[in-house]
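Build out the structure end to end from the sequences listed, making use of the hints.
There are 2 protein chains.
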Amino acid sequence: MSSSRLVGVGVGPGDPELVTVKGVNALRGADVVVVPVMDTGERGRAEATVLHYVPVEKVVRVVFALNERTDQGRREAAWDAAGARVAELLGEHRTVAFATIGDPNVYSTFTYLAQTIGELAPGTVIETVPGITAMQDLAARSGAVLTEGTEPLTLVPVTAGATVLKEALSGPGTVVAYKFGRQAAEVAEALRETGRIGDAVWGSALGLVGESIRSADELDDTPLPYLSTLIAPAPRDGGRGGKL
Amino acid sequence: MSSSRLVGVGVGPGDPELVTVKGVNALRGADVVVVPVMDTGERGRAEATVLHYVPVEKVVRVVFALNERTDQGRREAAWDAAGARVAELLGEHRTVAFATIGDPNVYSTFTYLAQTIGELAPGTVIETVPGITAMQDLAARSGAVLTEGTEPLTLVPVTAGATVLKEALSGPGTVVAYKFGRQAAEVAEALRETGRIGDAVWGSALGLVGESIRSADELDDTPLPYLSTLIAPAPRDGGRGGKL
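These protein sequence lines map, in sequence, to chains A and B. Numbering-wise (my numbering), the first sequence opens with residue 1 and increments by one. Numbering-wise (my numbering), the second sequence opens with residue 245 and increments by one.
In silico BS3-like links for lysine-lysine, alpha-carbon gap of 30 Å or less:
| # | chain 1 | residue 1 | chain 2 | residue 2 |
| --- | --- | --- | --- | --- |
| 1 | A | LYS179 | A | LYS166 |
| 2 | B | LYS423 | B | LYS410 |
| 3 | A | LYS166 | B | LYS423 |
| 4 | A | LYS179 | B | LYS410 |
| 5 | B | LYS410 | A | LYS166 |
Calculated from the structure, these hints are not laboratory results. It should be emphasised that the depicted structure is a prediction, and the values quoted were computed from it without experimental measurement.
Set out below in structure tokens:
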């Protein structure tokens, strides 16, 4: 039985200042900080943010997020190796932090890692520290209010299919679409069909070199980065909404 | 025309460590920091968090959030006075920060303030800095994963009515209910009807003295604090969900 701690730390969408004070303390207080990297070896967003707060000697790069085009077998083998590596680190250290972009409880690799560690290293105490999500950063940078008054807000990963997205867009609230890089054309079509393309904004590489924030009107057949985010604000009278 | 800046800073749900580094810098960089307070005069959550980072001399208390039972006429008069006070501060200072609990673009008073200032002090540059929301903090503290894989996530303020909540609970994704203090019994009924009460958790006063995190099974007719939050996780096989 492990008596170590694994802490999933949300490091925000890319801007190193969008980590919480609690997140910075968790990264600095850990014995080692695991950062997920692509098999291409390039520096990931989580890694870049972590290196603003933690010396490189304490950072352990583990290959997790394989290229989307990698075949299933290789993905699973890489996943097993990554889980085993984290379990090994938990055997050597009291506190292991795992840095994840966004929030560790919102569409995060950390959810799967926590389950794997529950099997490989039972007894490990698992904690999370919340982080700013891409939709929150896009709202702040674009001026699109996410939700107000009695409006609902729905998050839809486009990987769930265009039907789920269209249903959400037919409702009264704000809709946020995640992970729609390859399906930009379908997203644009769903927005047009529901009459909501005019107010929608999309963004990618928020807070980073290459940041792009544009009107959804400009979406066409060109694939966008996988980590693109779209906000279709609730239909509202009078711009930012009425008084109390 | 004003050439000042009004910055809405999300200071998180109550734990002073759940402010981002960017938020701390925005609070410290502002000439004055407005904190909304109740007409009862008691120290609010935003105020308590701000005072961890900013000297009291720079903090301006403005009565905003009147008691729920205050009549409409008095609420509107107080709102007008608050907007006028912030406009006055923008006339005297280059940068005014407004601290709001949670995130300034998610069910925040800041949205209404920004609109009022747009009318009273046109030309004011309006910005926001994202903050951790109560649902993210509750997920981290309770271990309830908000969303994974292709699941949608829907936020519903219970003030929108029980029908909206039931519809959301009938869908496949996680449902977060906000502002349900007075309607605890209706929320419990909706959870029971949709078979989702078993996994749901609610919390209030997160990160503060009096923090309460409990199973939704314990909800009864007793009114809960207005700022209670509930997470009904998506129905999932096998606990925290499957692998990649």
